[in-house]
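Protein sequences appear in the order of chains A and B.
367 is the number that my numbering gives the last residue of the first sequence; the numbers go up by one with no jumps.
193 is the number that my numbering gives the last residue of the second sequence; the numbers go up by one with no jumps.
If you are wondering where the hints come from, they were derived from the structure by calculation, not from laboratory data.
Since this is a predicted model, take the numbers as computed values, not measurements.
Cβ coordinates follow ideal geometry from the N, Cα and C atoms, glycine included.
Treat the hints loosely; a few may be bogus.
So the derived label-pair ranges between C-beta atoms look like this [to be verified]:
1) Leu98/B to Gln54/A: 23 to 31 Å
2) Asp47/B to Ile107/A: 15 to 23 Å
3) Arg89/A to Asp25/B: 31 to 39 Å
4) Leu100/A to Asp25/B: 24 to 32 Å
5) Ser62/B to Lys13/A: 51 to 59 Å
6) Gln65/A to Thr130/B: 41 to 49 Å
7) Asp25/B to Gln20/A: 21 to 29 Å
8) Asp4/B to Lys13/A: 40 to 48 Å
9) Asp49/A to Met116/B: 13 to 21 Å
10) Val114/B to Thr8/A: 35 to 43 Å
11) Gln65/A to Val114/B: 48 to 56 Å
12) Ser62/B to Gln65/A: 44 to 52 Å
13) Thr169/A to Ser62/B: 51 to 59 Å
14) Asp4/B to Leu95/A: 23 to 31 Å
Taking lysine-lysine and the DSSO-like style, the derived pairs with C-alpha atoms no more than 27 Å apart in a straight line are [claimed, not checked]:
15) Lys55/B to Lys13/A
16) Lys17/A to Lys126/B
17) Lys17/A to Lys55/B
Chain by chain, the residues:
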Amino acid sequence: MNNKHELTEQDQKLLEKVDQILNSDNGECEMDSLYGFCAHLASTVPQADPSFRQQLEARLVAIVQQRKPCTTRPQYLLTWPRKSLWSCRPLRWALTGSILLLLLMGIMFAIPQTRAVLAAWLGFSFEQQVELQPLAVAVLDHDWRSPLVEAADQSFEVYSVEFPEKRWTLIEESGFSTPHPGSRVVLPNGGDFPIPSYLPPGYRWQDIAAMQGNLVELGFPSLAHQSWAGGGSPMPPYNLRVDYLLGGDREDRVLILAQFQTEGQQGLVFQAFHADETHFGLVIQPAEKEESEGVVFLVGSGDLQEVRVNTLPAWWYFGTWNAAGEWVTDNTWSNLVWEQEGCVYHLVGQDLPLKELISIATSLPSK
Amino acid sequence: MNIDQEKEWLARAPEDPQAFKRLYDHYFPRLYAYVSYRVGRVQDTEDLVAETFLKAIEKIDSFEWRHKNSFAAWLFSIARNLISNFRRQEQRWETVPLDESPNLQARKLLPEDVVMQKEKFQRLRKLIGTLTPRQQEIITLRFFGGLRNQEIAEILGIDERTVAAHLCRGLETAHRKYINEFVSTEERNRDEQ
């Protein structure tokens with residue numbers, strides 16, 4: 001025998017005899033034989049004191065009875081599948097796999113970046129979005145103090161937008177919907193907004209702020225009589241619609257594309273301002289020169305360069321009006337203005353070079 | 001008790017005292033006999049048997065059926081672990097005084113007095129104590145725990161054939177020693193008389 005655990009015929013016979021001895025009471029053999037010794041061993045069984053056996057039984061039964069009121073039906077239901085269904089290995093794997101799949105899908109649905117991909121893979125889509133959740137608020141909020149406040153003999157109106165400072169966090173963690181690059185978003189006032197398909201690396205379009213439709217229909221009525229200007233000539237009637245596409249990066253640097261829709265000669269001048277990091281808008285004034293046409297932007301001193309967006313003429317300049325009504329000429333605010341398909345666009349970004357502004361502008365989807 | 005009965009009682013045991021009593025009646029004598037041979041002293045045996053059943057009640061919801069005799073293997077595994085801990089503390093195969101040794105069942109034995117029965121138990125226990133630890137474990141589980149080789153293999157985590165081989169070698173060794181030490185002594189005593 002090479003293997004010490006190999007069983008000989010004699011071993012097999014011994015094992016059968018042991019089975020026979022233990023399963024029956026056939027233990028009457030001579031003690032000098034191996035089988036007799038086995039029978040002797042099997043008959044030498046220690047026996048518990050009956051009182052101990054009964055006391056232990058009573059103690060254990062009491063424990064079972066104590067458990068009984070606590071063993072409510074839900075516990076039974078939990079126990080049952082573990083001992084029947086759960087003990088079936090293929091079913092256990094299937095259940096585990098299903099739970100993991102559902103968990104994974106839940107996580108993917110919770111993450112905005114993967115939600116659309118997962119939905120497309122599953123063969124369904126989310127409901128069509130008519131209105132975006134308002135990130136930008138306080139339209140027509142006049143808390144920005146224009147330098148024209150002290151000009152008692154001038155008319156002006158202020159259109160301002162305030163937006164949250166931590167926009168990226170709101171979008172990433174709270175699941176705010178965002179405009180899809182390359183699409184055209186239908187606005188509540190009946191128009192639409194082309195969303196540039198290009199964005200600088202790390203940036204994202206975040207929201208759209210639209211001028212209220214009823215104001216447009218009413219011709220954007222003058223607010224001069226109740227403004228801080230304290231007087232001056234009423235604003236001439238005009239029909240203007242301004243909508244803002246708000247974007248930014250993880251550091252919440254601002255990227256804004258404003259779309260101006262105006263009809264014919266309005267005789268208006270616009271001052272685009274950034275009062276602070278979360279507050280921007282327009283000061284609208286009557287044009288001083290009768291020859292002013294369309295949208296006229298009032299900018300401070302500095303370089304104003306003519307560039308091209310596709311084949312269209314455009315103007316590029318640095319700077320903005322600040323909260324104090326001063327023209328800031330540093331290179332933080334980079335502006336690009338051009339006209340395309342009947343609308344005037346004003347693109348402004350923080351710390352963005354001209355090349356990036358041009359790339360954004362040229363990626364506007366055409367009608 | 002067949003396997004279906006055992007499964008039914010086991011399913012009901014956590015909340016049905018009667019079902020638990022049936023399991024207790026079935027396993028108590030085997031468990032007691034096995035533990036007695038492993039520890040020797042009645043008080044220690046009773047403590048360990050009680051602790052085994054208490055742990056079994058506590059963990060009975062977590063028991064899973066793997067094969068038809070797996071509950072016996074599970075129950076004796078609890079006992080074996082408790083005995084291992086106990087003997088680790090004791091550090092030796094203790095010789096137990098007669099008055100602290102258990103009584104034996106009267107099955108197929110002539111009605112001898114209590115002292116003679118206890119001496120017989122001590123003699124066999126001492127004999128088993130001379131075997132290898134694995135042989136001791138297998139013989140006590142097989143003869144007093146009433147477990148089959150397959151169940152013993154599961155408890156010890158070894159092959160069933162290995163269990164059978166250890167059982168055969170252990171019995172042969174024990175028998176040989178029994179003849180040499182005890183039978184020869186008895187014959188000499190008879191001759192002297």
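Hints, verified against the model:
For the hinted restraint 23 to 31 Å between leucine 98/B and glutamine 54/A, the CB-CB distance of approximately 25 Å keeps it satisfied. For the hinted restraint 15 to 23 Å between aspartate 47/B and isoleucine 107/A, the CB-CB distance of approximately 51 Å leaves it violated. Taken as a hint, the range 31 to 39 Å holds for the pair arginine 89/A and aspartate 25/B, whose Cβ atoms sit roughly 33 Å apart. With their beta carbons about 44 Å apart, leucine 100/A and aspartate 25/B fall outside the hinted range of 24 to 32 Å.
Separated by about 41 Å at the C-beta atoms, serine 62/B and lysine 13/A break the suggested range of 51 to 59 Å. Roughly 45 Å separates the CB atoms of glutamine 65/A and threonine 130/B, a value that falls within the hinted 41 to 49 Å. Hint check: aspartate 25/B to glutamine 20/A, Cβ distance near 25 Å, so the stated range 21 to 29 Å holds. For the pair aspartate 4/B and lysine 13/A, the supplied restraint of 40 to 48 Å is violated, since their beta-carbon distance comes to about 33 Å.
A hinted range of 13 to 21 Å holds for the C-beta pair aspartate 49/A and methionine 116/B, which are about 18 Å apart. For valine 114/B paired with threonine 8/A, a C-beta distance near 41 Å keeps the hint of 35 to 43 Å intact. Between glutamine 65/A and valine 114/B, the C-beta spacing of about 36 Å breaks the proposed range 48 to 56 Å. Take serine 62/B and glutamine 65/A: their Cβ atoms lie about 21 Å apart, and the range 44 to 52 Å is violated.
With their beta carbons about 45 Å apart, threonine 169/A and serine 62/B fall outside the hinted range of 51 to 59 Å. The supplied range of 23 to 31 Å is met by aspartate 4/B and leucine 95/A, whose beta-carbon atoms lie about 26 Å from each other. Only pairs whose Cα atoms come within 27 Å are accepted, and lysine 55/B paired with lysine 13/A is rejected, the gap being roughly 38 Å. With a C-alpha separation of about 24 Å, the suggested pair lysine 17/A and lysine 126/B falls inside the 27 Å cut-off, and the hint holds.
Taking the CA atoms of lysine 17/A and lysine 55/B, the gap is near 35 Å; set against the 27 Å cutoff, the hint is violated.
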